[in-house]
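**Q** So the chains spell out like this:
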Amino acid sequence: MSTPDKETYALPEWMRPWEQFWYAPADPALLGLIRISCGLIIVYTMFVYSFRLQEFQGQYGWHDLELQRERLEEAPVTTGPLVQWNEAGPLPTPKNDTQRTYVRAYRKKFGTAPPPPYPTSAEQGAYLDAFRLKHGVDLRVNGIVPSDEEWKRVYADEYTSRMRQPPPAYPESFEEAKEINDYIMRMGPDPRRLYAKGMSLFSIWFHVTDPTAMAIVHGLIIAVAVCFTIGFCTRISSALLWFASLCYIHRNPTVLFGVDTMMTILLFYLMMGPCAACYSVDRWIAQWWASAKAHVVAWWYGLLGQPGPQNLAPPDPVPDDPEPTISANVVIRLLQIHVCIIYFYAGVSKLQGQSWWNGTAIWQTLGNYEFAPMQFDLYLTFLKFLGSNQLVYDGFMTFGGLFTLAFEIGYAFLIWRPSLRWLFLAAAILLHGGIGLFMGLKTFSLMMLVLNMAFLRKEEVVWLMSVPTSLFSGGPAAATTQQTAPPAPAAPLPAAGVKAT
Amino acid sequence: MGKVQDAAAVGSPQPKADVADWMLANPWLWLANGLALTLWSWLWTISFGALASDYRVIVLALGLLCSGVGLWLRWNDRELVYLHPWRVPIAFVLGLMFAVLGIGTSVLFVMSFFPAFSNAIKSAPMFLVWLTTAPPCFVAARHCLNFRADDTVDREAEQEVGFAFVVTAAICLLGSFTLYADPKDPADWDTLRMFLRVCTAVSVYGSALTLSTQGVRRLMLGVLITIHFIGINTAALSAPPAPWIIQQAWMRFFRPYLQFAYLNNAYHFYAPDPGPASYLWFRVIFESPDGRDEAGLWFKVPQIDEQGRVQHPVALDYQRFLSLTEAASKPGPHPPEYTWNAMTEQWEMHPFYAKRLTMQPHALLILGHEKKVFRAPLHQELPRAHQVFVPNDESARLLRSYARFVSRKFESHPNKPDWTFKSVKIYRVVHWIPPVQWFLNDIPPTAPESFFPYYVGNYKADGSLIIEGDPFLFWLIPIVREEPNNPESQILDFCRKHAGDLQWIRRSSDQAWVTFEEREL
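From first to last, the protein sequence lines stand for chains A and B.
Its first residue numbered 1, the first sequence is counted upward by one per residue in the numbering used here.
Its first residue numbered 1, the second sequence is counted upward by one per residue in the numbering used here.
Hints may be right or wrong, so weigh each one.
Unchecked claim - Simulated coverage check for chain A against chain B, where a stretch passes if three residues somewhere in it have a Cβ under 8 angstroms from a Cβ of chain B:
id, stretch
1, 18-25
2, 52-63
3, 97-108
4, 250-257
5, 279-289
6, 334-340
7, 357-364
Said to hold, decoys possible - Straight-line alpha carbon distances no greater than 16 angstroms define the calculated EDC-like cross-link-like pairs of lysine to aspartate or glutamate that follow:
id, chain 1, residue 1, chain 2, residue 2
8, B, K355, B, E468
9, A, K384, B, D442
10, A, K442, B, E345
11, B, K409, A, E55
12, A, K197, A, D210
13, A, K293, A, E323
14, A, K108, A, E87
15, B, K416, B, D293
16, A, K178, A, E158
17, B, K409, B, D462
18, A, K109, A, D129
19, B, K300, A, E55
20, A, K134, B, D182
21, B, K497, B, D462
22, A, K152, A, E176
Simulated from the structure, these hints should not be mistaken for lab results.
The C-beta atom is built at its ideal place from N, Cα and C for all residues, glycine as well.
Using the sequences and the hints, build the whole thing.
**A** So this is what it looks like as structure tokens:
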């Protein structure tokens, strides 16, 4: 790595490694490849929604609007107290003998200090003791003040019997009590003990419910997905597609699986970066515009019958190789770190499971009828071959499990080492190829491989794109415009004045 | 049109000739169009109120699209300036706005600690807002208020980009009011109103970052990236079993942001253990017009035929149905098996278990005589605790929604149009993963006894559970071999029988499902 010029840094010296990691310009070709790959999968995913648009997104679908609106508006968010151990807080120091005696007696009876407040009378103290003996919990733990009114005592008693903990307060009216009870019946917790209610979701399908209008909007979304894939108006189409994909996800979370998660991650990052700076219609238009601007502008003003502008600004030059940009590097880094996080948690969470330790986990996926390709005789023959010999069977299952664990946990740490990068990328192809073939999760596997592309280098991107590029340019043209360059992470920071778009 | 870039006026080091661009390249034309369309849509809303047609949303969408194009053009072009004559007032307005925003977020953050405001303003998310917003706002304000008429063209163009962000934010904000047509219907376009308000905030923030110095911009981006990844980590760590502090961080700090962007996955794929897939079997019950007779029909998802062939058009559609069934398969707590009866002062079996145990036949083989009262044995190879599935609240709500869907799908019997929907019995079915020996012995993985159906209720068309005291509710209703150790014997599908399907016995000779009378003797 070359030492960057001192003037190119904007942060204090101790933050230079950080600055070098995030703000060194990177070639956007990689983002172009990722955009096309993930765009193709998204177009397919969106198209498949067409088969069941009403069933999955419609007002009267499986997960109907009534239910999702209830979640949107009323889903409970519970946290509990942040600083105190319970909502009542600590008991103040006793101020007189009565309080000291009460604390001693309470400790002796129940083994703990009582929650505040102190009872105001001996009768109230007896009531509190009886309450605790009956329900196994002190009336005051959730912050309620004991009352001498009969109806409040009845309320507290009935509430605690049902909820197995005392109420946080007495209702002020019958209507409030009914409202609280209705919420408990529907959602579970007491609404007075919530940190917040509802979820920060949005979707056009909450509001567009007419089947014809839905079909039109869905068609437009597929068109946007196509625009994104080919890189047309990509700054706009990428943001629109991110919004649109979340509309499907937020409206019906019950039909989601890994592919939707990965799709959102990719779209979220790609819309921030120059993902159309390479391999895109936008770039092709820019190249065409560089030579055709003067004619088109003259034609346009001719149509309007007006004179064209004097001293027309020249079109922006479009270099053969897109300029490395800081934003491309930021997006690539975000993707790289996120994919490491995904694998790390996927790996360590498996360590909780017995089957990953005893070597049976792989069979749980290979022998799963719903996912494995058991309609193919070849696959059944493969399973029989595995089962024909215990050593082969157990060796395969144990190695497969350990390989999965080692790959997923090791990825986050070792993919960064240049000498191990190819090993882990090859292992990713093996793992996700296996998942795609043996578990049927083809779109998910492809999306994970697209995420892994974040670790490709420029020359590998050029090599991967050489075939499709040559198809469009009529020959092996890609190599003529793309030069081998050092990998993105190794690029130095820009000289002062480099366009930082 | 395109503002002349005059070297003398803007203080560029190299004098340049005046240049201009054509009208469609002018970002302010697009932004002005966007504003006009949004304004039109808003006027439509306030003129007609609740009666305003939803077509106004199309006008708004076009307005937002135009604004997006304008912002994009302005962002891309850092060389031309268009609002040169207004550069000083724009700088002043932006400076003032960011100063107010910086002070405002600081005041709100302080206020959030006072009990009077703590319900409306939560300190935890407000801290993140303050941390990320106040510094760039103050720097942007200082930057704008220090603007001089002879500043460089770069800085003037940068200021225009910042202003374009602010105009876009204003358009988004106006758009959010446009969608609020009827105060009596707060749900009308409410989620998109929220989305537009978020867009407003993001645009203003984009403006502040654009107008900040490079050092502050990089620093704030660093803070945002750090917060973002801490949030992603808390989402992953907050899946149970989770430490208290992570749960607090997730709930109080990161939940709204990560839920909004759907970045809240825990990434626990196939963890802790890969498990079997779930099906949902619906037994739709129709009644005759006079209400005297009933007929049933099976509807199973995912759709797999008797030979085990997937009936979905593509794999992705099939996998979505597997997710749909899995979503309704989250277990809640079981009732305790024994409870203390204070009256008798004895431990007694909970009625949930006691009632089910009384519904066992005296012997597994009940083929000798069929009783009118439905009885089914417990599964002989599973512990009793594994024969109970009580859905948690979320799954229970989903099952009600699924029941509503099925009731609408089957409003009338496909073969008897005048027979109408009466109720639907739902079974959550676990398909056991067989050991490799099954494959070696050529036993099909779709053998009926590899399915474990749990009865989760009989639902009306409105999704309400019919409380009929069915002792089999939430219990496994087994599918077993007549002779457990004889793989050639008939199969007794008590689930079919429970659902009212008369063909509940599978003969071993021809693999046909037959009635009790047609069974092999």
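**Q** Need the list of violated hint numbers for this structure, in ascending order.
**A** 3, 5, 10, 12, 13, 14, 20, 21
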